[in-house]
Amino acid sequence: MVPYLVALLLFGIPLMWCEWAMGRHGGVKGHGTTPGIFYHLWHNPVAKYFGVFGILITFGVGVYYIYVMSWTLAYSFFSLTGQYMGITSQTEMSLFLHSFQGVQDSVYFKGYGYTYFFYLISLALVIYVLSKGVVKGLERLAKYGMPILFIFAIILMIRVFTLGTPDPAMPENSINAGMGFMWNPDFASLKDPKVWLAAAGQVFFTLSVGFGAIQTYASYIRKKDDVALNGLSTAATNTFAEVILGGSIGIPIAVAFFGVAGTLAVAKGGAFNLGFQAMPLIFQKMPLGQVFGTLWFFLLFVAGITSAVAITQPFMAFLQDEFQLTRRKATAITGFLLFTLGQPVIFFLKHGFLDDMDFWLGTFGVTFFACIEVIVFVWLFGPRNAWEELTSGADIKVPKIFFYILTYVTPVLLFVLLGTWLYQSGLDTILMKNVSKADLPYVIGVRAMLLLMLVGMGLGIKYSFSHDRLLKRGVVREVRKPS
Amino acid sequence: MTLAGYLFLIGFWGMVLGLNIFCYVKLMKKNGKSPSA
Chain L
416 MVPYLVALLL FGIPLMWCEW AMGRHGGVKG HGTTPGIFYH LWHNPVAKYF
466 GVFGILITFG VGVYYIYVMS WTLAYSFFSL TGQYMGITSQ TEMSLFLHSF
516 QGVQDSVYFK GYGYTYFFYL ISLALVIYVL SKGVVKGLER LAKYGMPILF
566 IFAIILMIRV FTLGTPDPAM PENSINAGMG FMWNPDFASL KDPKVWLAAA
616 GQVFFTLSVG FGAIQTYASY IRKKDDVALN GLSTAATNTF AEVILGGSIG
666 IPIAVAFFGV AGTLAVAKGG AFNLGFQAMP LIFQKMPLGQ VFGTLWFFLL
716 FVAGITSAVA ITQPFMAFLQ DEFQLTRRKA TAITGFLLFT LGQPVIFFLK
766 HGFLDDMDFW LGTFGVTFFA CIEVIVFVWL FGPRNAWEEL TSGADIKVPK
816 IFFYILTYVT PVLLFVLLGT WLYQSGLDTI LMKNVSKADL PYVIGVRAML
866 LLMLVGMGLG IKYSFSHDRL LKRGVVREVR KPS
Chain G
792 MTLAGYLFLI GFWGMVLGLN IFCYVKLMKK NGKSPSA
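So the sequences go chain by chain: L and G.
Position in the first sequence (first residue = 1) + 415 = this note's numbering.
Position in the second sequence (first residue = 1) + 791 = this note's numbering.
No lab work stands behind these hints, which were simulated from the structure alone.
Possibly wrong hints are sitting among the right ones.
Under 7 angstroms between C-beta atoms, here's a sample of chain G residues computed to sit facing chain L [said to hold, decoys possible]:
no., residue
1, Met792
2, Cys814
3, Asn822
4, Gly823
Where is the CB? At the ideal position from N, CA and C, for every residue including glycine.
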């Protein structure tokens with residue numbers, strides 16, 4: 416958590432402000448995605464191509480996020496039907512999850528039927544929301560659903576803290592040990608760049624910075640609207656929800672039931688598996704646990720849809736803004752690509768397809784893109800211009816120290832972080848030295864797919880900005896509708 | 792959990808809760824409402 420705190424203060428909050436300010440700046444110029452925003456911030460022909468990562472990362476994460484989100488819907492159903500009731504060991508809980516995912520057959524599930532069914536429902540819902548522009552309806556649902564989720568989380572947190580040691584025969588597996596695992600400072604691990612990269616990636620994921628999604632949302636606000644207080648509030652609320660509430664539930668439960676080694680094994684087995692193996696355990700230790708479990712996972716699913724819409728929105732906005740496509744056409748293309756690219760994520764899960772994709776987009780990608788955007792916004796747009804953009808219309812006084820943090824500390828640390836990681840373990844990761852022979856073709860497949868997406872989007876930018884030149888000459892008129 | 796762990800937890804939670812309260816008060820004031828309302 417020490418690297419997490421440092422990353423939050425030196426990367427998370429400053430980048431959140433950068434993205435809000437960049438989004439507002441781009442929105443005023445008629446661009447809601449990073450290629451267009453960079454184009455206006457840095458008047459250089461290559462600027463727009465650097466913005467490709469802001470679309471690739473959001474869209475790529477959206478491809479697998481929808482699948483992970485579908486697990487929450489499935490677990491809501493499993494809670495309702497009591498399918499995991501009675502399972503208390505890590506081995507059995509892991510078997511339950513893996514067989515649901517189609518990784519292996521078991522007495523619980525066989526094949527891909529269940530997982531695919533819930534995936535299709537989730538994907539259809541996301542496409543429906545995108546196509547109808549029913550974000551307002553969803554926001555209304557979230558307006559009531561999210562406070563309920565918060566209340567549930569507080570109740571769960573209290574239950575977790577009163578759980579003590581579930582198995583008296585194993586006193587080392589306790590909630591206290593779980594909290595210690597989370598919060599005891601481990602100074603030895605501070606020397607490992609992978610830990611810092613993971614912490615930065617986690618901060619970026621928690622705050623949704625480094626993706627390119629916040630710019631799209633901020634592009635819809637007016638020139639004189641505040642970005643400083645909005646950005647800080649977003650960072651504060653997300654950290655409260657995901658670190659204070661989330662961190663006091665999932666990991667302590669996992670350690671209390673599985674032990675530290677077991678928890679690490681679960682996390683190693685899949686980046687998103689921990690919550691699905693740990694949460695069902697606490698519901699079994701609560702009165703009305705089935706009801707709680709059903710509602711908890713369902714509310715997570717509702718929250719997941721809003722996030723899935725948020726991260727697919729930049730790609731939609733890119734198609735609508737830069738190609739002048741109608742919402743209907745943009746949705747058709749987005750839906751088709753989400754479905755097509757989602758197939759290997761589902762069927763090659765056991766070969767690490769999702770995890771490798773998540774590493775390149777959700778850990779390395781967001782850090783890399785954060786590095787690019789801070790350079791473009793602060794250095795190429797100009798430190799004074801960037802500060803002026805951030806503080807203009809601000810409802811709070813942003814401490815001047817953040818000018819120096821944004822200008823020097825954040826970019827330098829991001830470079831050092833990426834450079835050290837590349838030097839110490841990056842080459843092994845790039846060269847797939849730790850990948851088993853059986854998984855090698857699939858990991859190569861991930862990289863080929865990401866490369867194809869990158870090239871495809873780059874060509875899209877090339878085409879759309881030549882079209883932009885036509886716009887400038889007045890050959891066609893630009894129409895931009897906020898969703 | 793060690794003493795350092797407890798201290799770190801208290802510091803982190805305090806910072807995050809403090810930030811949330813600060814933002815809440817500012818947003819309420821901006822919207823012309825009393826934070827206690």
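Verification of the hints:
1. Met792: This interface hint holds because 4 angstroms falls under the 7 angstroms limit.
2. Cys814: holds (4 angstroms)
3. Asn822: violated (10 angstroms)
4. Gly823: Nearest chain L Cβ about 12 angstroms off; hint violated.
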